[in-house]
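The residues making up each chain are set out below.
There are 2 protein chains.
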Amino acid sequence: MGRKAKDFDEEQILFENYLRSAGLRRTEQRDLILRTFLDVGDHITSEDLYRLVSEKDPTVGLTTVYRTLKLLTTAGLAQEVRFGDNKTYYEKLHSDEHHDHMICTSCGLVIEFYSPDIEALQDEMAASFGFEATHHSLRLWGYCAKCKGSAGKLTNAPPGAEPRVRVKSGRTVVR
Amino acid sequence: MGRKAKDFDEEQILFENYLRSAGLRRTEQRDLILRTFLDVGDHITSEDLYRLVSEKDPTVGLTTVYRTLKLLTTAGLAQEVRFGDNKTYYEKLHSDEHHDHMICTSCGLVIEFYSPDIEALQDEMAASFGFEATHHSLRLWGYCAKCKGSAGKLTNAPPGAEPRVRVKSGRTVVR
DNA sequence: TTGATTGCAAAGCATTTGCATGCTA
DNA sequence: TAGCATGCAAATGCTTTGCAATCAA
Chain A
91 MGRKAKDFDE EQILFENYLR SAGLRRTEQR DLILRTFLDV GDHITSEDLY RLVSEKDPTV
151 GLTTVYRTLK LLTTAGLAQE VRFGDNKTYY EKLHSDEHHD HMICTSCGLV IEFYSPDIEA
211 LQDEMAASFG FEATHHSLRL WGYCAKCKGS AGKLTNAPPG AEPRVRVKSG RTVVR
Chain E
91 MGRKAKDFDE EQILFENYLR SAGLRRTEQR DLILRTFLDV GDHITSEDLY RLVSEKDPTV
151 GLTTVYRTLK LLTTAGLAQE VRFGDNKTYY EKLHSDEHHD HMICTSCGLV IEFYSPDIEA
211 LQDEMAASFG FEATHHSLRL WGYCAKCKGS AGKLTNAPPG AEPRVRVKSG RTVVR
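Chain order of the listed sequences is A and E.
Count along the first sequence starting at 1, add 90, and that's the number in the working numbering.
Count along the second sequence starting at 1, add 90, and that's the number in the working numbering.
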């Protein structure tokens, strides 16, 4: 909701074209999963998307969500991301723009950012190795403005305790 | 082999200091695992390191390797890396220098590179969000010079087939 | 002595696969 | 119809945990 129907159509069509060209079939499940996925603001796991899809159609299986998300990735409509909590997230892939992430290891906040300068340097770097980059991923971990210096930083963990990355469920996204 | 004893000592001491400060104990297993890990040129999985350690002392368990690698990560001597084959690799962390990766999705080649300019831009970017970055990861996927344009690119996969990242075991590292 | 460490087996988790049934093209 | 897609249950594969025995400090 809040999205123009036109946007959906565009991605819907891209997906249809992909399916057709790959000799695959269009199904109600795939349509529903794609629509639900497009409605999600930021990153989402297969499991969570499955929950959302279930609300609309409880008969759709988790396996199908997994498979469809992989399909969308291959179709170029989605991209896998990992933040360090051992889960695979998927986010919409906009052919035009790209963004990277900063992940707060204290509160789990995820900040999306974009730097044309960094992108340019990456291309330059790749070229110098004769490497043809198709996609990339840049993540910065650390402490967000709020957690920086605050008590949340080391909490009551013993000195030297394992500062493992743990992405909270209440993760928010800043753009 | 090929390493100066001095180098080992340096890391050994860092580890000892870490253990002491964290109230943990130094054991033969941990020493052996650290030494074996330092001897490895590039990235290695817990499983593979376990195999190497086993050659020297077959009584050491896989669990201990897993635990020690996590310990080394916390101690700042190792870092986790993922290339897309769903495995966790560990690589030595040099406090002074840092490097990023280009991964060939066709042959599995991993190229390590370093760009002070990119690093600088990252810091700049983080600062602009009031973010204090502790570490980061930049990976570029694509085709290396050898695979680029060559037959290996699409092989005999059907059009639209899933171009999954698959890091070959015969992975090499270029520095 | 005391509590950290180890190794084994068992448990966990996210993800994938086998297969009979259902449906698209 | 043909054969791709689905959903379920079972299987995977990597990683972690429980626990009794062992060992460092």
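If you are wondering where the hints come from, they were derived from the structure by calculation, not from laboratory data.
Errors might be hidden in some of the hints.
It does not matter which identical chain is meant; a pair holds if it fits inside one copy or across any two.
[To be verified] The calculated lysine-lysine pairs, modelled on DSSO-like cross-linking and capped at a C-alpha distance of 30 Å, are: (1) K238 / K160; (2) K238 / K146; (3) K236 / K146; (4) K160 / K236; (5) K177 / K160; (6) K146 / K160; (7) K160 / K182.
Since this is a predicted model, take the numbers as computed values, not measurements.
task = Starting from the hint list further up, note which numbers the structure goes against and sort them upward.
result = 2 and 3
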